[in-house]
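Protein sequence lines, in the order shown, are assigned to chains A and B.
When we follow my numbering, the leftmost residue of the first sequence carries the number 1, and every step to the right adds one.
When we follow my numbering, the leftmost residue of the second sequence carries the number 568, and every step to the right adds one.
Be aware that a few hints might be false.
[Claimed, not checked] With a straight-line cut-off of 25 Å between C-alpha atoms, the simulated DSS-like cross-links for lysine-lysine are:
1) A:186 / A:141
2) A:203 / B:578
3) B:602 / A:203
4) A:203 / B:605
5) A:295 / A:203
The hints are simulated quantities; they were obtained by calculation from the structure and are not laboratory data.
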Amino acid sequence: MESAISNPAVSVGVPWATNQRPTEAFLICTQDAQVVYASKGLAALLHLDSDQFAHAGAVRNQQLPPLLAASAVIDPPAQAAIASRFAQARLAQADCTLDFLSATGELQPIHLQIQQVGEAHWILSFEDLGARRAAENDVAKLAFTDALTGLGNRLRFRQSLPLALGERTVDAQRLALLLIDLDRFKAVNDTLGHPVGDQLLRKVAERLHTVIRQKDMLARLGGDEFAIWLPSASEDSDALARLGARIVDLLGRPFLIEGHQVNIGASVGIAVAPPDGSDYESLMKSADLALYSAKSAGRGLFHFFDPAMEHRAQDRRRLELDLRRALALRQFELHYRPQVDVETRNLFGLEALLRWRHPERGLLEPASFLSLAEEIALVVPIGRWMLEVACRQAASWPANIKLVLAVSTPQFESGSLVDSVKQALAASGLDPSRLELEITERVLLSNEAFVVKTLYELRALGVRIGISNFGTGYASLTKLDSFPFDRIKMDTSLVEGEIVSHRAIVSAVVAFGASLGVSTLVDGIRTEEQLAKLRADGGRAVRGFLFVPTVSPVELDGLFNRAVGAG
Amino acid sequence: MSVYQIVYCSKNRIDGSPEEVDAAISSILSTARAKNQKAQISGALLFNGSAFAQVLEGPLAAVEDIFEHIQCDTRHSDVVVLRNGESPARVFSDWSMAYADPAAVGTIPNSKIDLDEAFENPSTSGPRIVSLLEQLVAAASA
Numbered sequence: 001m002e003s004a005i006s007n008p009a010v011s012v013g014v015p016w017a018t019n020q021r022p023t024e025a026f027l028i029c030t031q032d033a034q035v036v037y038a039s040k041g042l043a044a045l046l047h048l049d050s051d052q053f054a055h056a057g058a059v060r061n062q063q064l065p066p067l068l069a070a071s072a073v074i075d076p077p078a079q080a081a082i083a084s085r086f087a088q089a090r091l092a093q094a095d096c097t098l099d100f101l102s103a104t105g106e107l108q109p110i111h112l113q114i115q116q117v118g119e120a121h122w123i124l125s126f127e128d129l130g131a132r133r134a135a136e137n138d139v140a141k142l143a144f145t146d147a148l149t150g151l152g153n154r155l156r157f158r159q160s161l162p163l164a165l166g167e168r169t170v171d172a173q174r175l176a177l178l179l180i181d182l183d184r185f186k187a188v189n190d191t192l193g194h195p196v197g198d199q200l201l202r203k204v205a206e207r208l209h210t211v212i213r214q215k216d217m218l219a220r221l222g223g224d225e226f227a228i229w230l231p232s233a234s235e236d237s238d239a240l241a242r243l244g245a246r247i248v249d250l251l252g253r254p255f256l257i258e259g260h261q262v263n264i265g266a267s268v269g270i271a272v273a274p275p276d277g278s279d280y281e282s283l284m285k286s287a288d289l290a291l292y293s294a295k296s297a298g299r300g301l302f303h304f305f306d307p308a309m310e311h312r313a314q315d316r317r318r319l320e321l322d323l324r325r326a327l328a329l330r331q332f333e334l335h336y337r338p339q340v341d342v343e344t345r346n347l348f349g350l351e352a353l354l355r356w357r358h359p360e361r362g363l364l365e366p367a368s369f370l371s372l373a374e375e376i377a378l379v380v381p382i383g384r385w386m387l388e389v390a391c392r393q394a395a396s397w398p399a400n401i402k403l404v405l406a407v408s409t410p411q412f413e414s415g416s417l418v419d420s421v422k423q424a425l426a427a428s429g430l431d432p433s434r435l436e437l438e439i440t441e442r443v444l445l446s447n448e449a450f451v452v453k454t455l456y457e458l459r460a461l462g463v464r465i466g467i468s469n470f471g472t473g474y475a476s477l478t479k480l481d482s483f484p485f486d487r488i489k490m491d492t493s494l495v496e497g498e499i500v501s502h503r504a505i506v507s508a509v510v511a512f513g514a515s516l517g518v519s520t521l522v523d524g525i526r527t528e529e530q531l532a533k534l535r536a537d538g539g540r541a542v543r544g545f546l547f548v549p550t551v552s553p554v555e556l557d558g559l560f561n562r563a564v565g566a567g
Numbered sequence: 568m569s570v571y572q573i574v575y576c577s578k579n580r581i582d583g584s585p586e587e588v589d590a591a592i593s594s595i596l597s598t599a600r601a602k603n604q605k606a607q608i609s610g611a612l613l614f615n616g617s618a619f620a621q622v623l624e625g626p627l628a629a630v631e632d633i634f635e636h637i638q639c640d641t642r643h644s645d646v647v648v649l650r651n652g653e654s655p656a657r658v659f660s661d662w663s664m665a666y667a668d669p670a671a672v673g674t675i676p677n678s679k680i681d682l683d684e685a686f687e688n689p690s691t692s693g694p695r696i697v698s699l700l701e702q703l704v705a706a707a708s709a
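Generate coordinates for the entire structure from the input sequences, incorporating the hints supplied.
Here you go:
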């Protein structure tokens, strides 16, 4: 409801209907064209002397034609048109509209609506359509602009690229699309905060601006993704390669923001229309594949699209589908790597290793599918399966043979590890002391409270805990002190080569292990010579596994028999 | 009054004859001097023929703006920041951009080595580069 006070028409005794809401510029007059009210907005729109409107009484009792004639905006033909339209409306007792151009320099269209109110009054509402269009343009501009950088946004990019593609087909020139992804941007946001991250994005936008031409389109697609399309790109791909290299170089240079030196990098994927796609979707897809390729090749690179990428992506999709089915189709197997004591040459443990018997590709090692499994969140269910099956198989081994099983980081962090271990032990009847779970040093680096709690719960079940890949992460020795574990397994990389500093680490870790009363092992000793050298450097306390080939479950019996025979 | 200071080194990417390189350096210096004066920035540039080292000092926002501008310049690459942070006072307060050329660099023993080492050990080289530039500028104005 209109309030009585704010409704000017009430003050002149005109009944007001809520659907008759005039624009800011309006006047009310009687049947015989006597003006009873004119708004301030009308004075502004029609460029009327505002003194006339200083008090409402000034315009009262004035006739409509002289009032219109006083306006510089309405020229005589428009005055005549308004008068005639008003006469028609009165005759027909009906609302009507009229569009006319303002008489000022800009020639803006003005829309007039004539509406009857009550029995004896009329409202004439004027609206500057030019102003409305400008406002609409502003709104449209906002919708197409990235507020942070002032660049075009994804919507603008999406709308302009098909247009550019259309123009390209007319002039038969090539069009290049570059997708740019910042490397390590998230780390900046996380460590220095979003305001610094925002400033960084603005500076990135400015740097990118220095590499484009007037006719190129640069947009921020969102987050840390930018894109450029270049119409009439050169035939020679060297020019595009130079541009790609320049972007990688520019964004890899240090930024200085609020006194912080910020170093990021950029990966760039490049696709060219028509060869790599002639519509928005296919060109974007090609550039995206090129970007993915640049990122997986180590970041800080630019890659051109290559049809082989499409095949690789298809392979990956196929592998993903196969992997999702592999558990249900029982295609996974466990193989075992014997752990043989160097002193006694006795078999004392078997490390369970995952293998995938793929129907077409044969027996696959985890390296070829584990990162994919991690991406599609299959690592935890696979780990659970490994625990169940390995415990069941180990329960039938000779009692002096331990089962060693590596726990993946996602599995450890899933929060369900302790329950899975409990269930696997209960279902198999395996003596918990025969199970040794290996976690990597990296796991220890995150969320200490959770790690310590989980490790103690596992120890409470009676299982043993080993730390593997020791020496590759950055776990401090003081931190290790607070974790309950039974064994340190140093990383293979520490025993390879002749590097003296590695030997120093090996002997330091051996001494540290001895002081904590845990055994220290070195993984990956392949030859007697390596062992001899390691012992000379690391001391007599070094123990290790001699390299023994991995065996499948059916070969285990033979191995046990030999072990008994040897022992 | 404390002042913000940044010290960086970078590799020369100006192609051309010695005369063309000289002309490019002159143009860099005159642009820098005009800009720096307006922005209340002082500093010094060292060039040994293959690499640059530069000190910029002034209000933080102005130093950041100039540094960002320099970053977009294709005439150098491999920018390594040797030092950035507050400094108790300006070292080159009399200079919008003092310049030590390859000939001047030769007059101070070990200056070539210092600049090469800056790329290898950025964290320890900042103060050394500043003092080297300070000596060169003092020698030139004496």
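Tested hints:
A hinted pair counts as satisfied when its Cα atoms are at most 25 Å apart, and residue 186 (chain A) with residue 141 (chain A) does not qualify at roughly 29 Å. Proposed proximity of residue 203 (chain A) and residue 578 (chain B) is supported: the alpha carbons are some 22 Å apart, at most 25 Å. About 20 Å separates the Cα atoms of residue 602 (chain B) and residue 203 (chain A), which keeps this hinted pair within 25 Å; it holds. Pair hint residue 203 (chain A) plus residue 605 (chain B) holds up; C-alpha atoms about 22 Å apart against a cutoff of 25 Å.
A hinted pair counts as satisfied when its Cα atoms are at most 25 Å apart, and residue 295 (chain A) with residue 203 (chain A) qualifies at roughly 22 Å.
Hint 1 from the list above is the single one not met by this structure.
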